[in-house]
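K.L.:
Given chain A, work out where chains B and C should sit, using these hints.
Protein chains in written order, with the working numbering: chain A, 2 to 268; chain B, 13 to 348; chain C, 338 to 604.
Don't read these hints as lab results, they were simulated from the structure. Check before you lean on any hint, since a few could be wrong.
[What the hints assert, rightly or not] Below 27 Å or equal to it, Euclidean Cα-Cα: the simulated BS3-like pairs (lysine-lysine) are: (1) B/LYS45 - B/LYS20; (2) B/LYS116 - B/LYS262; (3) A/LYS47 - C/LYS340; (4) A/LYS202 - C/LYS431; (5) B/LYS102 - B/LYS216; (6) B/LYS262 - B/LYS329; (7) C/LYS431 - C/LYS340; (8) B/LYS262 - B/LYS216; (9) B/LYS329 - A/LYS15; (10) B/LYS262 - B/LYS290; (11) B/LYS102 - B/LYS20; (12) A/LYS52 - C/LYS431.
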Amino acid sequence: MHARYGRILLRFWKNSLIREMSFRGHFIVNVASEILWIVMLLVFIKVIFTKTLDVRGWSEGQYIFLMGTHMLVTSLFEALFFGNCWRVSELIRSGDLDFVLVRPASPQFLLSFERIDFSPLASVPVSIALCVYATRMIDAQIIAAQIALFCMLIVGGVIILYSLLFMFAITSVWLIRQTGIDHLWFYTVSIARYPAEIYRKFAGGALWFGLVFVLPVLMVSNLPANVMVRTFEPFMVVYVMVSGIVLLGVCTVVFRLALRWYRSASS
Amino acid sequence: MITVENLKKVYRVHRKPQGLGASVKSLFHRKYKHVHAVDGISFDIAAGEMVGFLGPNGAGKTTTLKMLSGLIFPTEGTARVLDFIPWERKNAYRRQFALLMGQKNQLWWDLPAAESFRLHKEIYTIEDDTFDRVLGELTELLHVQDLLNQPVRELSLGERMKMELIAALLHSPRILFLDEPTIGLDVVAQSAIRRCLKEYNQQKQVTVLLTSHYMKDIEALCDRVMVINHGRLIHDGPLRDILHRFAQHKLVTLQFRDGCMPDQLGAFGEVVELNPPKVTLRMAREWVAKHTSTLLESYEIDDIIIEEPPIEDVIGKVFEDADALQASAPAEASHA
Amino acid sequence: MRKYFVVFRVALADRLVYRADFFIATFLRFIPIITTILLWRAIYDGSQKVELGNLMYEQMVAYYLFLMISRAFGSMPRLATDIATDIRDGNLRKYLLQPIDYLGYNVSLRVAHKLVYFVMAATPYALVFWLCRRYLPGWPTGSMLLLSVFSLGLSFLIGFMFNSLMGLLGFWFLEVGSFIHVVMVMQYFLSGHMFPLSLLPAGLQSVVTNLPFAYETYYPTLLLLQRLDTGAAMHVISMQMVWVVVLGSAARIAWLRGLKRYAAFGG
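If we strip away everything but chain A, and leave its shape as in the complex, we get (with noise of 0.2 Å):
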């Protein structure tokens, strides 16, 4: 059975290559305006840190490898489920979610796994190239280890990421909304880009600990940046983990109950 998913999965990233071929203008675009952006956030911290030495605990290097690791999760995200997600939503609106029920597959790997997009991909190197910058800077002395917690804390921030924006976009079988996926993205990207730190100070720290403890976007790049250039929380590193499969859990429970109520309710 596994076999079968993974040769299905194969097909998809094949495909997805070929389509993505046809469209090299766009990659090309991509390219440029995530350069464009990067530059400017430079910028940005530059003017930053001649204003101060550190932002709650996070010097400029730490920072800027904070903003490394954020663009290496939200970019993996992007590429791997964020066009699945949109298109979960654009087909309960068409109400043309049926082809894939109709097929002998499981409906949520088939909706979840169906496109990658290529053009984030090219951020990755970009990230990585910037967090080594970062370290660099820091002079910091990494380890074997560290760098693999690294890794599946990367990962886990993209299993968190997705579950919640899946549930969001499978939600829309019982809301017509005016906040699409894309608005809700944007909201996570800029919520979860600052050190978890400064959302101390708002509402007593409630938000803080919605943020990091409810639904633990702050800590989809917080950890993994903290794990390599910061502290080494192992509380937090297990939290997060066990976080991403609860969340996974509670993203096919909600993906169930939705197709339940679109079978009973559409024409």
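P.N.:
Chains B and C in isolation, oriented as in the chain A frame:
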């Protein structure tokens, strides 16, 4: 193979408000009504049959089809297809049928159809040699060999539909559910698709369930027709039986020799068309034999054609009558 | 003139279809502001200075709040790409056949959208501003208020003219969409959206503040912030008018020249 008993599907629908004032009111006070999309349908279909569902838009044909393919839960009633309950959506069941919907695209838009077919192969776990053989047969049958490697978006509507049909038949399904398969296609494409379906039905004994509001599809393909309106089955049997059952008239076209056309033909039937020297009369079925022989004896007639009325007209009338019945017994409920 | 009003009225009804979740969506729009404000709190705390970029912390917060308002006037989402698409897909023909000016039609559309947005957004905006009242300057004088309103109106026109001009480039460049995307990315930085332009080093600042983006968003925001005296305000407004004329003429010329080219190629 397919057994359906008392299938029902009822929806609760908001009534969309019109205009500004009503929009504001609907913030506070919602009106619903119950729509009986399928209202107690029962039938049996044997293996290898080619059955048509005929009915106007909103009659319940597509809803029934979707229930049989497991997409929708019924409100009431039972159905068994190939000994499966469709809405349980077992993988074993889903391998056995295919769903094809007119004007809906399941192939990857930017890719050649061939790539989508390969994806199908993996999803349905088709063996390599089976896949090659079936694909070869189908592309030859539909004459699309050259088009396999062209992106789907570059194909015409007819060509696209042929590819969709191939995709549907690749895994050698035992049942084919078709929803308006020839809608929007040009005449040539329509007949190509019909030919393919007919051959597949005859050669491979594939059971076909087809919904359409094109008479031509039904006439060309289906031995058996189920007429549906307002969610109910009005007729279930061969197509010609519809005519015998619902059409009380025949159309008789007479061509009179020049200058010999009489003025008063009203006694024989209703004048439908008048193009001297031709005239077309609508005649009561039982009187056709007698009237035509009388006419032939009394007048100089060069040519005579006796036809059934167009089935569309007959069916249209059937629906009209059913609508009239429906209008006198509203089934609405208003809730706050 | 009447037909523009009809277009306006139809667009109005269309927008009212989105109800309660419009409310939510508008509140959600403030998320990026909250995160930015929290970041600045951290920066001010770290710098231990009272003023950064000539702004105290309260004024920095107010800057981002007022930015929402000037942005609400000046932003023209999808205008450029819609125009470019109309040109590329040949939809322009439809408008050319009707006795209505294409650009005039678009202005009506935008005015309608903006008005509806303001009406619907007034309550959530008012709520947020009331909650943040301690960051805001006192009520402006009558004349300052008048100048601010006038400036915002000009901001709308600058935004409209600039975006139309970019869209009209579609007469000459098929893939103008990529170019538009890149300009939009840069605009985020150049319009003072990311941070007040006063934070930039002097050299860069003098260049950036002379671009139309600064007059579309940055200066009107400063005006609302009451950081400009009457003289400076009048200067800003006159510069805005200059930009409106320059961009408007460019757009009109592009329209006329482009049409000739369009007709020549058989549209």
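K.L.:
If a hint holds in the structure, say so; if it doesn't, say that too.
P.N.:
Results of checking the hints against the structure:
1. B/LYS45 - B/LYS20: holds, 16 Å
2. B/LYS116 - B/LYS262: violated, 39 Å
3. A/LYS47 - C/LYS340: The given pair, whose Cα atoms are some 52 Å apart, is violated under the 27 Å limit.
4. A/LYS202 - C/LYS431: violated, 55 Å
5. B/LYS102 - B/LYS216: Distance ~24 Å between B/LYS102 and B/LYS216 Cα, so the pair holds.
6. B/LYS262 - B/LYS329: holds, 14 Å
7. C/LYS431 - C/LYS340: holds, 16 Å
8. B/LYS262 - B/LYS216: Violated, at roughly 38 Å.
9. B/LYS329 - A/LYS15: violated, 54 Å
10. B/LYS262 - B/LYS290: holds, 16 Å
11. B/LYS102 - B/LYS20: Judged against 27 Å, a Cα distance of about 22 Å means the pair holds.
12. A/LYS52 - C/LYS431: violated, 55 Å
Hints 2, 3, 4, 8, 9, 12, counting from the list given before, are not met by this structure.
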